[in-house]
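S.K.: Produce the complete structure using the sequences and hints provided.
Going down the list, the protein sequences come from chains A and B.
Take the first sequence: its letter number 14 is residue 13 in numbering that gives the first Met the number 0, and every next letter is one higher.
Take the second sequence: its letter number 170 is residue 169 in numbering that gives the first Met the number 0, and every next letter is one higher.
Note that these hints are calculated values from the structure, not bench results.
These numbers were taken from a predicted model, which means no experiment stands behind them.
Here a beta-carbon is modelled for each residue, glycine too, at the ideal position from N, C-alpha and C.
Hints are not guaranteed to be accurate.
Some chain A residues close to chain B (C-beta under 7 Å, calculated; not the full set) [what the hints assert, rightly or not]:
1. T20
2. N42
3. T49
4. V57
5. L65
6. M126
7. G130
8. R135
9. E144
Straight-line alpha carbon distances no greater than 27 Å define the calculated DSS-like cross-link-like pairs of lysine-lysine that follow [unchecked claim]:
10. B:K9 to A:K2
11. A:K2 to B:K169
12. A:K55 to B:K186
13. B:K202 to B:K169
14. B:K9 to B:K42
15. A:K55 to B:K26
16. B:K220 to B:K202
Letter by letter, the chains look like this.
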Amino acid sequence: MDKQVTITINGLAYQATVDTTMTLLQFIRDEAGLTGTKSGCENGECGACTVLLNGKPVRSCIILALEADGAEILTVEGIATDGALHPLQQAFIDHSAVQCGFCIPGMLVASKALLGRYPNPSETQVMEALGGHLCRCGGYKAMSEAIQSLKQ
Amino acid sequence: MILNACPYEKPTTLQRLLELNQTPGAKLLAGGTDLVLVMKENKAEPALLIDIKNVPELHGIYAIPGGIFIGAAEPIQEVVEHPLTQVYHALVEGAGRIGCYEIRLRATIGGNICNGSPSADSVPGLLLYDADVVVAGRSGTRVSTLESFLLGPGRVDLQEGEVLLGVNLKTPNPNAKSKYYRCSRVKGMDLSGISAGIYCEGKSNFRIAFGAAWPTVARAKAAEEILNAGPYTPERLQQAIAATLETVHPRRSSMRASPEYKRAMVGELIQMGIEELTGGACNG
Ligand SMILES: Cc1cc2nc3c(=O)[nH]c(=O)nc-3n(C[C@H](O)[C@H](O)[C@H](O)COP(=O)(O)OP(=O)(O)OC[C@H]3O[C@@H](n4cnc5c(N)ncnc54)[C@H](O)[C@@H]3O)c2cc1C
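M.R.: Structure follows, in structure tokens:
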């Protein structure tokens, strides 16, 4: 029942033997050792486990690792380049958009995907993109301002 | 946590999918936004998991004679955004209410139908436009009405080994308009307490579908008959609501809305929907 999969995460190919009990989130955290992506509700509701799968945001806790065989994944660790923060990360810091930080890895990759779709997102588009991400510190306003500050 | 592993196959042809689907206890996996959750609760332990996302026949949204076809494995977000679906207003609105963006990218329309939830948000819109389902099995492909396909909570009319290929939608009447209304506890990500799709052509040919009012999503046929028997008047509206309420007996065990709330909303939704679509109150 085991199968060998190759999943490319942040440009690096990871190979492992997995079965249907392993989620993509477990693969990212336990096989690849990338613990930036968080495990929250474990049923797709909270958004903490969001990663980009072939460029699109998805909930890695309700996807099996097997389903992602051959896919390209981007996690929060992959959005900074050459040791420099991604503009979104800097904007989140500048706008004090981070409190406890647990939701932030999901928020950042979802925001990155949002800016890919709409380089100049409206307030409504930002809220729509973050609406499926729970932040219990209440930082949505600061996050929205941080994202909007990157409008071109 | 998923406790027990099972074999996993990802066929790339329909023929192979149908062969694999002969395996007793096999389960089809589309977006997994319902099934993986059930597997995590260890309430589903398939003998074989068949990932159907790479089968071409289950993909695409395209024109067919007299209407369009929507492949079962098309993600909900694709249904929401595709140019060919935009004339089916209540379908686009209902599908657009499912989960959040990330869920809609993964969840499929076939999964929404086949999961058989009485509150599936894409289904009222499909029923308003008299959608048909296209089902493939070892002995060939059959087409039946979506209405006859919905059997009860969690139950659809799929025989052993069958797979839903997609839905057919007829080109709507040029005057057709529809709207989807969903009552949920929070604005944002929440499941529906009760929902309604309302359809009309000008001020006639009213169609009404409810989600979470009956054991399946269904059309309010009695109300439609009354409303379509003559001009829209306050009396006719009240009769239509009363006729619908005779058949709405929600169970107290419903997780998301009380029976009292659901019954109270039935009339509100019918009236609000018709008045918004026809642009005026009774006699207007
Ligand atoms: C956080 C969250 C929020 C949600 N919010 C909503 C909501 O607001 N409204 C709503 O309606 N739903 C909601 N859902 C439920 C779910 O996303 C939808 O029902 C979705 O459309 C299911 O599609 P899927 O492709 O993920 O199905 P899967 O989970 O892959 O499959 C569901 C069932 O259908 C069967 N199946 C799938 N495709 C086929 C096929 N082609 N032929 C035969 N059988 C098939 C599977 O075997 C399984 O039994 C939500 C789910 C989550 C996790």
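S.K.: All hints, please: hold or fail.
M.R.: Structure-based check of all given hints:
{"no.": "1", "hint": "T20", "in the structure": "4 Å, holds"}
{"no.": "2", "hint": "N42", "in the structure": "5 Å, holds"}
{"no.": "3", "hint": "T49", "in the structure": "6 Å, holds"}
{"no.": "4", "hint": "V57", "in the structure": "5 Å, holds"}
{"no.": "5", "hint": "L65", "in the structure": "5 Å, holds"}
{"no.": "6", "hint": "M126", "in the structure": "9 Å, violated"}
{"no.": "7", "hint": "G130", "in the structure": "5 Å, holds"}
{"no.": "8", "hint": "R135", "in the structure": "14 Å, violated"}
{"no.": "9", "hint": "E144", "in the structure": "20 Å, violated"}
{"no.": "10", "hint": "B:K9 to A:K2", "in the structure": "12 Å, holds"}
{"no.": "11", "hint": "A:K2 to B:K169", "in the structure": "43 Å, violated"}
{"no.": "12", "hint": "A:K55 to B:K186", "in the structure": "24 Å, holds"}
{"no.": "13", "hint": "B:K202 to B:K169", "in the structure": "20 Å, holds"}
{"no.": "14", "hint": "B:K9 to B:K42", "in the structure": "22 Å, holds"}
{"no.": "15", "hint": "A:K55 to B:K26", "in the structure": "26 Å, holds"}
{"no.": "16", "hint": "B:K220 to B:K202", "in the structure": "17 Å, holds"}
Checked against the numbered hints listed earlier, the structure breaks hints 6, 8, 9, 11; every other hint is satisfied.
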